[in-house]
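Visitor: Those protein sequence lines, which keep their order, are chains X and Z. Taking this note's numbering, I'd label the letters of the first sequence as residues 34 to 361. Taking this note's numbering, I'd label the letters of the second sequence as residues -18 to 426.
Simulated from the structure, these hints should not be mistaken for lab results. Backbone N, C-alpha and C define an ideal beta-carbon position, used for all residues, glycine too. Check before you lean on any hint, since a few could be wrong.
[What the hints assert, rightly or not] Covered by chain X, according to a simulated footprint, are these stretches of chain Z (three or more residues, beta-carbon under 8 Å):
no., stretch
1, 66 to 76
2, 322 to 335
[Stated by the list, open to error] Below, a list of computed lysine-lysine pairs in the DSS-like style, where the Cα atoms sit at most 30 Å apart:
no., chain 1, residue 1, chain 2, residue 2
3, Z, LYS149, X, LYS209
4, Z, LYS300, Z, LYS215
5, X, LYS209, Z, LYS215
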Amino acid sequence: MTSPSAVRQDVRVGADASQTRARRQSAPRARRGTEPHREPVHVSHVLFALPALLFFGVFALLPLVGVLVLSFTSWNGIGAIHFTGLTSWTEALSRSTTWHGLALVVLMIVATWLLQTPLSILLGTFLAGQQRYRNVLAILYFLPLLLSSAAIAITFKSLLDPNFGLASGLNLPFLKQNWLGDSVLVWIVLLVIIAWQFIPFHTLIYQGAVRQIPRSMFEAAEIDGAGRVRQFFSITLPQLKYTLITSSTLMVVGALTYFDIIFVLTQGGPGSSTRILPLDMYLTGFRGNEMGVASALAVILVVLGLGLALGVQRLGGTDASASQMEGA
Amino acid sequence: MRNFSLSRRSLFGASAGAAAMTLAACGTSGPGGSGGSGGSGGGNSASIWQLSGQPNEGIYKDSVDAFNELDKGTLDITFFQNDAYKQKIRTAIGAGEAPTVIYGWGGGGLRTYAEEKQVDDLTSWLEENSDFKKGFVDSVWDAATVDDKIYALPIGATQPIIMFSNEKVLDKIGAEAPKTWDDLMDVVEKANSGGAAPISLAGQSRWTSMMWLEYLLDRIGGPEVFANIAAGKKDAWLDDAVVEMGNKVKELLKAKAFADGFESMSADSNTDQALLWSDKAALMLHGGWTYGGMKTSGGDFVSGGHLGYGPFPTIEGGKGKLENLVGNPCNYVSLSSAASKDEKTVAKSYFLDGMMTDDVAAAFVKSGSAPVIQGQEDALAKSDDADYLQWVYTSIQDAPVFTQSWDQALQPTDAENLLVNTEQLFLGKLEPEQFAENMNSGKGA
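Could you put together the complete structure from these sequences and hints?
Guide: Spelled out as structure tokens, the structure:
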């Protein structure tokens, strides 16, 4: 067995703290059948954590408290802030746009996951091979990762323009569609662009994970007569379980807060077809100048995000009998 | 203490134009320098934010440069994209980080600022400088006035909404620029059968569709209907004319009057103008500011005389006159109440000696727009765009009523509701009655 710990570092890139913890605890426990080793807390540990804690407190917790407070007020963005109790909350919960936005977020999460996960796993597995041409392809695949969302959105908006976009540039009339003006087409466009942007990132995670799977497992499987496909489903996929959870967490929470691409491409339109909740929050706050209602929406998003992240972690984290290193 | 607040403000104000795109609110100090260290002139400095986009960006930049040469203080100017600016300025005011000079559109937005005491009352200052006040055309002061007090000064050019047409396309399909609603529907029909888009409209931007509503309501019910709405009269949106306006939109949609894919088009990229000047569309209802853009981008479209312009057609049985105009009387600048005394002094010097000088007026005329300053007849007659500019200038003077653009005239929250409902109406997802109902109850879509 090769030591997985060095390679595993790759996988941790982008994984949040709790994910790392879950991995550290459950994997060795299952392998050795012993209780996880707990280190005593030293003063130096606290000191090391202090800068990060301060940063988190000032830039994450404090604004969060501010938003929570604002959600019990009515404020037009300038002028006086009036405490109005639950008015903003009742308004936020009784608006049809809120529930519409929420439904769209769920659609976004499900569709994003279904589209991106299989493609990322396949690409990641493919790119995990050490062949030179795959390295070249990897560089090409990862390119969208380097572009800013706003730039991507502006570029696609020009390309998709019904009169002056790709259709007239390449003289391909079938490309002349109402890409951003049709409530169904616009979703296909959004999902594809978002996938184009984020699949490279998840591919990178899966590539690292596949590379850390011990070669001996594949060699053993090969001796037993397992083919490529069988190896993929029986070894690669089960071994990617924790990576799948990491990637899914990022994907789900990411989909919950998609904003930039949609804001630039459609502004929530046509009508409210793509007015997902985060965008609804922004437009309510900064266009409609209803900061109280927008803050209530923000709190809903935070709770939803935390709940979903925890839920996805739970989905794979508590099953202690499922070893990732089985047979290694 | 003063130095600190000053440098913070100018630091904020100097964030580069690139930041406007991301709405990021931080940046580096610009060349104007900060806090009492003295620029080229009197030692004090003030800040102004402006909208990016030529030709106005260049004109305002030059006017500020010229003012900074006068040794009356230094003005730092920063440019932002239109849509981003509208949200940024409000956030900045709310956070006490507004520039000294607040650029805007008057009307409902200005009312909010005035009611929250974020901008200074300039009435008495204007009385002291009555010559300065008299230099502007009269029609501009309405939208700058809140409860009989003037909170803003006019800047820039008058921008009525104009029915533009492509004469080449009209010739080809055998139609003429519409004078009545029936003419308009005739153009639509002929364009559709002649292989051209009847009307270019950037529907995604929403305020573009709203311009149609503005004129339709005026022509059907007369200017009083919206005047009642803007004044906040009860059930003003439930006027029959509002529903009739919605029916006309339905009629247009049914006749496929707007270019294919208009729901996808956004005015920020000027593709709606391009559709007109590239001979793909016959008509376009748009603000006068697009003239300069079409002149710059459209090759010989404007200089070759292919651009037609005229008033919005009348509607049979309607109350609105052909001469009634809708649009932006001009833009406005206000003085931030949060600014220091020194900053305000510099800003006021700029108002008097830099903002709308003869050079600035001449630059506007040259760019193809009519500045809001008295006595421009000669300058307009001599300009390259004399026909167009004189037409605009006389239209404004002859207009019985000049209704301010709805999204500027209404309070910001109502304006946003209006835009949401307007888009739904133009997508055919909202019945006219429901539109009126939604607007009356202040409901978004």
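Visitor: Which constraints among the numbered hints does this structure fail? Numbers only, ascending.
Guide: 2, 5
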